[in-house]
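Chemist: Position chain S against the provided structure of chain Z, taking the given hints into account.
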Amino acid sequence: MVCFFCALVAVAVCVGTELHWRSLGYEPGIIDSKLLWAEQRDQVDARDSRTPLVILGASRIEFSIDMDILEAVLPRYRPVMLAINGHYPLAVLRDLAEDEDFNGVVLCDIDARGLSAHYFDMQQPYVDYHRKQWTPSWRVHRRALDLWQSTAVIANPDFGLLPTLLRWSGGRANPWKSHIRFHRDRSADIDFQRVDTAAATQAFVDGFKRRLQSDPPPSPEQWLAGLAEVGNWVEQIKRRGGEVIFYDTPTSGKLREYADEAFPPSLYWERLSATIHAPALRYTEISALEDIPLADGSHLDFRNKSEYTHALVDALADRGWVQR
Amino acid sequence: MQFDSFTFLAFFALVLAGYNALRDWGARKWLLLVASYVFYSAWNPPFLLLLLGSTTLDWLVARRIDAAEDPRRRKLWVIATLLINLGVLGYFKYSQFLLDNFAAALASAGINYAPPAFDIVLPIGISFYTFHSLSYCIDIYRRRFKPTASWRDYALYVGFFPQLVAGPITRFTQMREQIETPRSTTSAGLGMGLALLILGLFEKIVLADSVFAPIANAYFDAPGTADSAAAWTGVLAFSGQIFCDFAGYSSCALGSALALGFVLPTNFRNPYAAVGFSDFWRRWHISLSSWLRDYLYISLGGNRGGEWRTLRNLMLTMLIGGLWHGAAWTFVIWGGLHGFYLVLERTVRAHLWPARWNNAVLRFAYAIITLLGVCTAWAWFRATDVSQGWQIMLSLFDLHAAATGIGQLGPSQLTVLVTFSLLVLVHALFRNSGPIPWFSRLPAPLLGLLLGLMTAMIVLSPGDNHAFIYFQF
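Chains as they are written, first to last, in our numbering: chain Z, 1 to 324; chain S, 1 to 473.
Next comes chain Z alone, as it looks inside the complex:
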């Protein structure tokens, strides 16, 4: 009797809530987290005949690479997405350098600003989580959570009981219908048809300007001095037979203007390969990449991911940095 009433009430409340959110047009989706990242970090060490191709960086590469296409056109490699939205990646590069078993290829999406020593530790909390808290138990939990998040809107914390009550009591609007959709492999799609791209572009440009004001660029000499440490990490990976490819992903419009003004390529990016003995690729060197539209000046629509992935692989393969 108790079980019956308990199940009845729980199911009725949860299903009713789920239907309410769905009636408002919300959809379930995977939510990126440290657990999901840690699950992919394990993939770096997975034992198969393929070489791990680890993708580091932030949103530009995380939302641009089609992982299925990458795996299909580079069958010798096992692509792993470790880029993290909004975080420069050098802490994870350091983690891979310290991993004695790692001898794969790293494709590191980074711009001159991200190579400033100030940003080296941005992704460190993810590394710490993987090293200190990630356990077999959480691995199983995360697998089940993937399934739950793919099935139910109410698995998203934004639709949780307390956030909803606080929104209602404060007269605030329902959650934003996200235009970003994550996959289990942590790559993601942006659907720019669902957003005001002009406003998104302006927000990006304004945010970038604000960050430049609050955190002005280091002098080229300071910047170069900080790279010595990065060079050591690259050497550690190369000594084990691995490789690191630095890749400055495309930007356009005002964002590109401001970035080039703050970090003139001749003073920053172009001096990278003189300091670090690793291949470096800038989007301006590949016309096929430059031709792909960037809806907000920084990211591409998911409909262009296939074209982008092919163009990037062509560029890497043509230079002999990866083998088809």
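Just so you know, the hints here were simulated from the structure itself, not pulled from any lab data.
Glycine residues also receive a C-beta, built at the ideal position from the N, C-alpha and C atoms.
Possibly wrong hints are sitting among the right ones.
To be verified - A partial selection of chain S residues facing chain Z, derived with a Cβ cut-off under 10 Å:
#1 42
#2 110
#3 150
#4 210
#5 447
#6 448
#7 450
#8 462
Modeler: Frame of chain Z; chain S shown alone:
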């Protein structure tokens, strides 16, 4: 694995099914032991070896203690097990702390010494299973009972998964009969066990993690930027969080054990309705406070030897109890503060508190004083270091700023204050009761409705899983 994970739900369902599918009691116990070790290994598999080693050693030593006739030999064996157990605990938990303080002492003498960073990973639950083992060996030494001849039974007593990593710290006398007598899942036990599991998950996921933790974390991450009202809100949020987190864990432990036919001792009895600090310690983490009383306070002499010795023993017990929680001076201060409360209370009761003062108004006032004293002490428990602790104390006692700042609290902070007040009210209403008798009295549809709503709220409170706070101890 954590109780609030999908992994545990799958694990528990499998264990429950397997346990009831087996007929032989010995086989069932082996299943529970293997399941307990799987449960433990899900965190850090290599540390299972430490648990196995510690279990086996203490089982053997206890038999030696019992077999020895010569009192000096018995004493040697018990000292040996104390040294080994506390040595292992000390290495994992306190070596860095001791080294850092040694370096600080040298620095104050003008000698520069940089201690190596050990970066030791603390085996989960080590403080708890060490206390299980110690109580067993000390009780054998005190000839309270004969040791068990079965390694499996002893290993199950130490390693039984519901209580393995964060208690309750059971005594062998509480578990022996349950382990030696065949038992199985009953419909009443399963129903009450699942009800306790739901209550525990509600306390942990809905209250501790969703309501209290965000405000507590935000405050303790940057206490310098908050005013007095925000400081009180942060401290009360942590007070709510630590109770709901730990009592939630204990409810889950009791519930999962009950579903398997085992009864674990109650670990919390509405502590925020305590009238006085000694009353608080009879209600908070009861299995630890009774352990400290029986094996530390009494070993130090207890209340034998006069008033001053009694007060000294009280203070020492609380200081060591504080240090048991973690290798930091903030925990020592927390323990010291509680020691001070207990000493003061005992002195006032003995000399200044006439019996006729024991009326309802005074009791209510003293309950409020107790609650405020306990919550203030929690600030030290949660502070990252001593300077942060002082900073918080100064904020808390700026009462003018507290009064003016209340109007500026946001909806999340107000939610914390309302929820904490409700929590205290519930403790006061059910002061001398617990969830089991209360659940038993409710009509089935009403209990079903209540548990159904709790389950729905659990499902509707997704978010980051927070490790149970007491796992770090």
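Chemist: Could you check the structure against the hints above and give me the numbers of any it violates, in ascending order?
Modeler: When the structure is compared with the hints, numbers 2, 3 turn out to be violated.
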